[in-house]
Every structure is written in C-alpha cells, then in structure tokens.
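J.: What follows is each chain in one-letter form.
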Amino acid sequence: MNKLNILLAGSVAALAFGATAAQAERGTDGDLKILFWQAVSTMNPYLSGGTKEVYASSMVIEPLARYDEKGELVPTLVTEIPTIENGGVAQDLLSMTWKLKPDVKWSDGTPLTANDLIFTWKYCTAPDGGCAQAAQYEGVKNVEAVDPHTVKITFEEPKPYPYSAFVGAQSPVIQAAQFKDCVGARAPECTSANFMPIGTGPFVVKDFKPNDVISFEANPNYRDPAKPAFATATLKGGGDAASAARAVLETGEFDYAWNMQVEPEVLATMLAAGKGQLVTAFGTQVERINLNHYNADPALGSKRSTKEAGPHPALSDPAVRRALSMAIDRDIIDEAGYGEAGRPTCNIVPAPEAYASTGNDDWCLKQDVEGANKLLDEAGWVPGSDGIRAKDGVRLSFLYSTSTNSVRQATQELVKDMWSQIGVDAELRNVSASVFFGGDPASPDTFQKFYADVEMYTNNFDGTDPEKYLAEWLCDKVPAPENGWQGQNIPRYCNPEYDKLVGELAKTADLEMRAELAKKLNDMLTEEGAHIPLIHRGQLSSHSVTLEGVKMNAWDSELWNVADWSRKK
Amino acid sequence: MTDAAIAVPTAASTPTRSVLADIWRQFRAHKGGVAGLIVFVFILLAVYVGPYIHTVAPNTINVRARNQWPSLAHPFGTDNLGKDMLAQVLAGGRISLAVGITAMLIAVSLGTLVGVLSGYLRRLDGPLMRVTDLFLALPLLPLLLVIIMLFRDTLRAAFGPETGIFILIVSVIGITSWMHTARIVRGDVLAVKSQEFILAAKSSGMREHRIILRHILPNVLSSIMVSATLGIASAIITESALSFLGLGFPSDFPTWGRLLFDGANFLQLTPSRVLWPGLAISLTVLSVNYIGDAIRDALDPRTLKR
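Each protein sequence line maps, in turn, to chains A and B.
Under our numbering, residues 1 to 569 are what the first sequence spells out, in order.
Under our numbering, residues 1001 to 1306 are what the second sequence spells out, in order.
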C-alpha cells in the first residue's frame, strides 16, 4: 500500500514536471493501436520470412544499425557506423568492427554484450535451424568479441558492402541468455522465447496471441528515458486491407494500419472522412508472378514443387515463360489496382535509382499479344479445340494462386483475361493471407511450398544494397522439405551462371561495377523468366491524424521509429 | 358408415387429381406462399432465361468502363473491372441455386433415410440418433475448411476445378445439414408408427419396406417438404458464407455470395454491386421459406379435412 502511494505520488510529480519541463515523457500518451491485417504468427523474424513478423518484432528487438526514411544507415545500438574512413571496416574489406553503446540494457535489465551478437550469428547459421534470414549472414566467416562491447566480423571474401549482418529489421540481435537452448532444430520449439523475445527496443511483449493480438508495454530499460511516448501498444492482426484502411481513415479506431492494398477509388472515398491520412514511400516492393520451375501436379503429392518432382512440363519452356510476360498489359493492372501507389515495372530490383535497370523494358513493359502468340507458335504450342494451346499432351493451363485481397483477385482476373488472348488458361485460387504468408510447414497453401504453377505476391529487400536480395535466387536457396521450406528462392530458379555472377557481385567493391552487375542479375531473372515482375509498388500505409512522428520508411521496418511516435496534443 | 362407403369410391375414381387440387387450393389460401412462389419462379426464370435476353458475357473485362452506375447498357452498373453486374448476378444465381437445390436434395435424402430408419427400427434408433448428435455438435465452418483443404486437389484432378469444387461444396453442405431433417422425420415416424393402420398393415403380412414406402413416407412427407425448402435457403446461405470467406469457387466464378464479398468494399462507391446480389439472396431465401410454410399448411391432414 505504502509503495503504491509512493509510486502514485511519484507519477503525479512526474506528470506535473512533464507538463512544464520536458516535452516528451515515457508512457504519457496512452495506448498506440496498430492494425496489421495479416496477423503476426511469431515475434522471431529468424523463423519467419514474412514482412509482418519482421515489422512487429522490430518494436522489440533491434539491429545494430537501421536505415532511415532516406535509405541512409543510422546507428541504433552502436556508437557509429563503421566505414573505411573511420577505420571500422578493414582496408582489405575482410572484416569490420562494431562498437556497442556502453550502457544498452535488455528489457530484463541485463546489459547487451558482444556475446549476444556472437550468439545471434550462431543461432541463424546453425545447421537444421531453418533460419529464414540466413542470407543476411552469408559470407560471414566469424563473429568474435574484441572486448565485451566491441565485435569483429570477419568475412570469407572481401565484402564491399558489409552492412548486412545485424543491419536492418531482418537481422536483429537476440538475447543469448533467452535463446541459448533454442539453437538448430529446437528453434521452433522455444515457444515462449519466440513469442516474447527479450529485446532492447522501445516496447516489451506483454501478451502474445499467435495470429491474433500482441500487447506491448513500454520497455522500462529503454536507452532513451523519454521514450517511447506511448505507455502501451496493441498490435491487432487479421481482417483485410479494406477494413484496416477503414478503421484508420474513416472510423479512427486505430492509429496506424499497414499495407493498404485497396483499390484507389475505395481509398479516396475513405479519405473523405478526414480521420486519417495516407503515407507512401517507393522502396523496393515489386508485385510479381512467380513461375514454378518444378512440377506442381497434385498427383505427385508431397513431392510436388520439389526437385524430385522434376521440371515443370510447360513452364520449363523459356518461350512459354516469356510469352506469359509479354501478354500482360501492366498499365491496365496498375490503373485498376494501384493508381498512385504503383508503377509498371519489369525489374525485380526497381530501386534505388542506380540499380534500376531498363534492360528489359523494350520487350517486356508494353503488352505484345501478337509477339507472344508468335513465340508460342514457333515453340510448337498449338491451340486445341478449346482454344487452349497444347504440346505433346501438355496443356497451357495453370493454377494461379495468391493471397485473398480484392486487388490481387482483380489482378488475377485481368491477367487471366490477357493470357486467354494467347491461348493460355488460368485457374484462379486465393488463400487467406495469414495462411499464405504464415509459413506453417504443415499447411499446403503457403507461398513457400508453392503447390501451384504460378503465384503472385509482393516482396522487397531491406536497405539499399540488393546483393543479398539477389542472392535469394541461388540454386541452394530453393525451399524444400529438408530446410523446412525456408529457402527464399520461391520460383525454384536455378542457373549456375547466375550463381557465378552473384559470387562476382560479392567480390566487387567499386559501386558503379556493383550497380552494373546488379542490373545484369536483375535482367537475367526477368529475361529467363524466373518470375514476371508486374508493379513497382509504393509502400502505402495509413495513420490517424492524431499520430505524430510517423516517417514512412521503405528501406527498413515501417515501425523503425515507433519510439518517436507520439499523440498530437 | 354409409356416408363413408359412398365417399371412398368417388375419391378413388380420381384420387390424384383431387388430392393435388386440394393441396393447391390450400396452398393458394396462404397468401405469403403464393407471393413466395411468384417471386421464386420469377428468379428462376430470370436466372435461366435472362442470359438469352441480356446477352453480355459475365466475365468480359472492360477496365475503361469500371465502377459505372446503372445505365441502359449495364442495368445493374459495372464492377471495378468493368464487368457487367446484371450478367454476373444472373450467372451467379445459376450457381447459387444449383448449389442450393442439389445440396438440399442430398441433405433431405440423407436426413429422411436416417430419420425413417431410426424411427421405425428400434435397434437402430440409439446409434443413429447418437451419430446425429455427433454431427450436430460439429462446428460447421472449421469442418468445411478442413474438408475443402483435404479433398480439393483430389476432386480437382478428377473433375476439373469448377465441377470438382461444385461437388465438394454441395456434398459438404449436404453432409453437414441433414441432422434437423432426420430428427423431425424420426419424430413423425414414431407418431405414425403407433397408429392402427400400420398395425393393420403389419398384421396383413405386408413387408417392412413396403410399409415404410406406402404408409409411413406419405404421412411424413409434409415435414420433409418443409425441411427441403428450408434446406435450399440454408445451403445458399452457407455457400455465400464460404464464398464470402474467399473459399469455395475460384474468384472469377461468380456466385451470389462471391459477388457480395467482392462488392462489400465498394458499398459507398457503387452500392448496386452489393444491393442486387444481396437482394437476390434475401428474396430467394425468403420466398423459399414462405413456399415451405404454405406447403406445410397445405399438406397438413387436419387442414385438408376442412
């Protein structure tokens, strides 16, 4: 009772002071309500490649440095960004040294040390761990402690762009003490650690209901005593994009909602209510159609879409893949589904400017039904009695799967209509977004399993350097039962030449040469039809007019600066 | 006694006509039933004959003419891809009604079979009714989701995507909605079974299956008819729910539930996208319910006597 009185008196005093002295004060602005219409299934981004998991966990666990809204690196847990100039990156590009801020504490009060970083690296690179972010640690030979607050990362080969491990929301530092028994195959079993990771970020998980609600409270040990301004945060999951947009823009029930993939005309009517506003940033999101290079015939059972299934009977023909791309009118898809928040593209790396290729624009950006038909004719695919092309008994009829979203379903219908003009049939299927992106290895409907011939979704890369993103199409990154379906090479594309070029990119230091190589790789993927890029999407989110401090970030987690958010007084 | 002796031959001379006419007379007395019948027949006609009058194909995309309000060319307006809504509502109605009627037939046959068996054969009563309880206790939607996930690919491979999913949805709805029919029929059978004319039939040496077919079934027909009409309504609604959840038929395959689902976001922009499929579902369900009500009244032996 006594203690409570003191606490109360203290908080009253703090409030009184807060009103006069400081502008910001931790926990003065009540509850922050965030709506992710794709519910979050885990708070451990190492176990799920989904954007929603990465974003949600970025409120709790942090990387050493992150990208700001302009795409520039800013230090979070370190004193400065290591560069060659300040001696943080070795001249031979074989190592780099991070200096931790001296007094960063985990939310449980213990100090953050070099040991945690070493552990994080070991955790994600452990065999059988199925780490979803393994690409971040690619080429890292060793992570060692110089002293408790200095970490040296050595690379196998000179790493011209070394900001990958521990940089960006996809590669946060986790606490060694909490995860020590969760390495390797045991990683998914550590439910409490995966759901409630101890972090250094502005919020702590108070309660986690998978695929539903996460309750946060302000981290009492956060390094900035004045932040976060919100005492608690609620991250609600589920629903659909349109209802999420409505909850922020029209009814004002939520403060922030992510990923407004809603028809532009519908958003316009919601905005009229004046309760919220849209924020957008063009990052690297590309809506693409992945073409399955392996056979996805349901008759193959659990073997489908794996190496044992063999090559796809129709999509393994390069002419088919190219024709499918040529038949698509990207302008119409953009107009019907994206409006201001999208532009037609033929690149998988659409930004930053220096990396954006124009190599395929001549044949791919404009619809060419005639050319596509000719290509298929030449390749021996002849229209049958039903108008669908076939060759040797294989019909050009594809199961076309995507997540449930009205824009995606509209795009599906448009694409089906365009493909029908070249004698290609599509069977449309949509799967609830929580399942499709849920990453549950037991579900047959996840995008990683790809039990369909073609599938459509959006992906992007964090930061401004596409090297590790382009490394996702390496032969050894194909999702398979052996790696828990965790690989990022969803189209199952495999080209030794491509692998070689990626290796070359990893060795090139000169920025212009890197851009050159990245463009070449990007062009290779489009040209060889690993996928069909459709729309370069702006990241479109909405926030309440009463919420201040939102800086839309296309290069890192959208919630990257959630510590700075506050309620408009 | 002499009265009855005279009455029987006259009834026997034109038995079917007079019974049907009686039923029809009774049916007509039920105003709601007549209105329901008119509406239902109108919907049936519109859905099956309509496409010959309004000849726009439901899946023709014209992005330039999207989100249009009703006009002469598009009496129900267009959706956000420029597809004609009237054509879609008509095409959707064919699917929804086919699903409703087929699923109802399955449910009613299953329900009647179980109901009659458990009502008539005492030893089967316990087990069959416990099975009924079991099915009643199953949560319908989660079960549907699991069944669809398990059998989707097999059926798709065997019958093609659309027929496959039609068979799946129809049988799933049928298999999960026979229980009420079974219970009602069982109750009726129990009541009829204890009456004297059954005892008479039994003592005359009539076979059991003949008793069931000739004496029991006609007497419980009224409640079967009622559950049938209610079954159509609930099957249409269940299919709508499935489509509304994004399951069921592929997304370019219009059904009333799917149209409603797709149109919900556009409620403020083009209200007619939600209005017409919603109205169609409501009117069909309502009219079918009224028809069922009227049929029950008409088949009720007590009202027939009057």
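Derived from the structure by calculation, the hints contain no laboratory data.
Since this is a predicted model, take the numbers as computed values, not measurements.
Note that beta-carbon positions come from the ideal geometry of N, C-alpha and C, so glycine has one too.
It is possible that some hints are incorrect.
Derived coverage of chain A by chain B (criterion: at least 3 residues anywhere in the stretch with Cβ under 8 Å from a Cβ of chain B; other residues may be distant) [what the hints assert, rightly or not]:
{"no.": "1", "region": "193-199"}
{"no.": "2", "region": "408-417"}
{"no.": "3", "region": "559-569"}
Derived CB-CB ranges, DEER-like [unchecked claim]:
{"no.": "4", "chain 1": "A", "residue 1": "Pro-311", "chain 2": "B", "residue 2": "Gln-1268", "range": "41 to 51 Å"}
{"no.": "5", "chain 1": "B", "residue 1": "Gln-1268", "chain 2": "A", "residue 2": "Thr-546", "range": "15 to 25 Å"}
{"no.": "6", "chain 1": "A", "residue 1": "Gly-371", "chain 2": "B", "residue 2": "Gly-1160", "range": "28 to 38 Å"}
{"no.": "7", "chain 1": "B", "residue 1": "Pro-1070", "chain 2": "A", "residue 2": "Glu-378", "range": "42 to 52 Å"}
{"no.": "8", "chain 1": "B", "residue 1": "Leu-1279", "chain 2": "A", "residue 2": "Pro-444", "range": "32 to 42 Å"}
{"no.": "9", "chain 1": "A", "residue 1": "Pro-444", "chain 2": "B", "residue 2": "Arg-1028", "range": "49 to 59 Å"}
{"no.": "10", "chain 1": "B", "residue 1": "Leu-1134", "chain 2": "A", "residue 2": "Pro-311", "range": "25 to 35 Å"}
{"no.": "11", "chain 1": "B", "residue 1": "Asn-1062", "chain 2": "A", "residue 2": "Ser-192", "range": "33 to 43 Å"}
{"no.": "12", "chain 1": "B", "residue 1": "Gly-1160", "chain 2": "A", "residue 2": "Asp-440", "range": "55 to 65 Å"}
{"no.": "13", "chain 1": "A", "residue 1": "Gly-301", "chain 2": "B", "residue 2": "Leu-1134", "range": "22 to 32 Å"}
{"no.": "14", "chain 1": "B", "residue 1": "Leu-1145", "chain 2": "A", "residue 2": "Ser-302", "range": "36 to 46 Å"}
{"no.": "15", "chain 1": "B", "residue 1": "Asn-1062", "chain 2": "A", "residue 2": "Gly-359", "range": "28 to 38 Å"}
{"no.": "16", "chain 1": "B", "residue 1": "Ala-1057", "chain 2": "A", "residue 2": "Thr-546", "range": "43 to 53 Å"}
J.: For each hint, tell me whether it holds in the structure or not.
T.: Evaluated hints:
1. 193-199: violated (count 0)
2. 408-417: holds (count 7)
3. 559-569: violated (count 0)
4. Pro-311(A) - Gln-1268(B): 41 to 51 Å: holds, 48 Å
5. Gln-1268(B) - Thr-546(A): 15 to 25 Å: Holds: the Cβ-Cβ distance is about 23 Å, inside 15 to 25 Å.
6. Gly-371(A) - Gly-1160(B): 28 to 38 Å: holds, 31 Å
7. Pro-1070(B) - Glu-378(A): 42 to 52 Å: At roughly 47 Å between Cβ atoms, Glu-378(A) and Pro-1070(B) fall inside 42 to 52 Å, so the hint holds.
8. Leu-1279(B) - Pro-444(A): 32 to 42 Å: Distance hint for Leu-1279(B), Pro-444(A) holds at roughly 37 Å.
9. Pro-444(A) - Arg-1028(B): 49 to 59 Å: Distance hint for Pro-444(A), Arg-1028(B) holds at roughly 54 Å.
10. Leu-1134(B) - Pro-311(A): 25 to 35 Å: violated, 47 Å
11. Asn-1062(B) - Ser-192(A): 33 to 43 Å: violated, 55 Å
12. Gly-1160(B) - Asp-440(A): 55 to 65 Å: violated, 28 Å
13. Gly-301(A) - Leu-1134(B): 22 to 32 Å: Holds, at about 30 Å.
14. Leu-1145(B) - Ser-302(A): 36 to 46 Å: Since the Cβ atoms of Leu-1145(B) and Ser-302(A) sit about 20 Å apart, the hinted range of 36 to 46 Å is violated.
15. Asn-1062(B) - Gly-359(A): 28 to 38 Å: holds, 33 Å
16. Ala-1057(B) - Thr-546(A): 43 to 53 Å: Given a distance of about 48 Å, which is inside 43 to 53 Å, the answer is holds.
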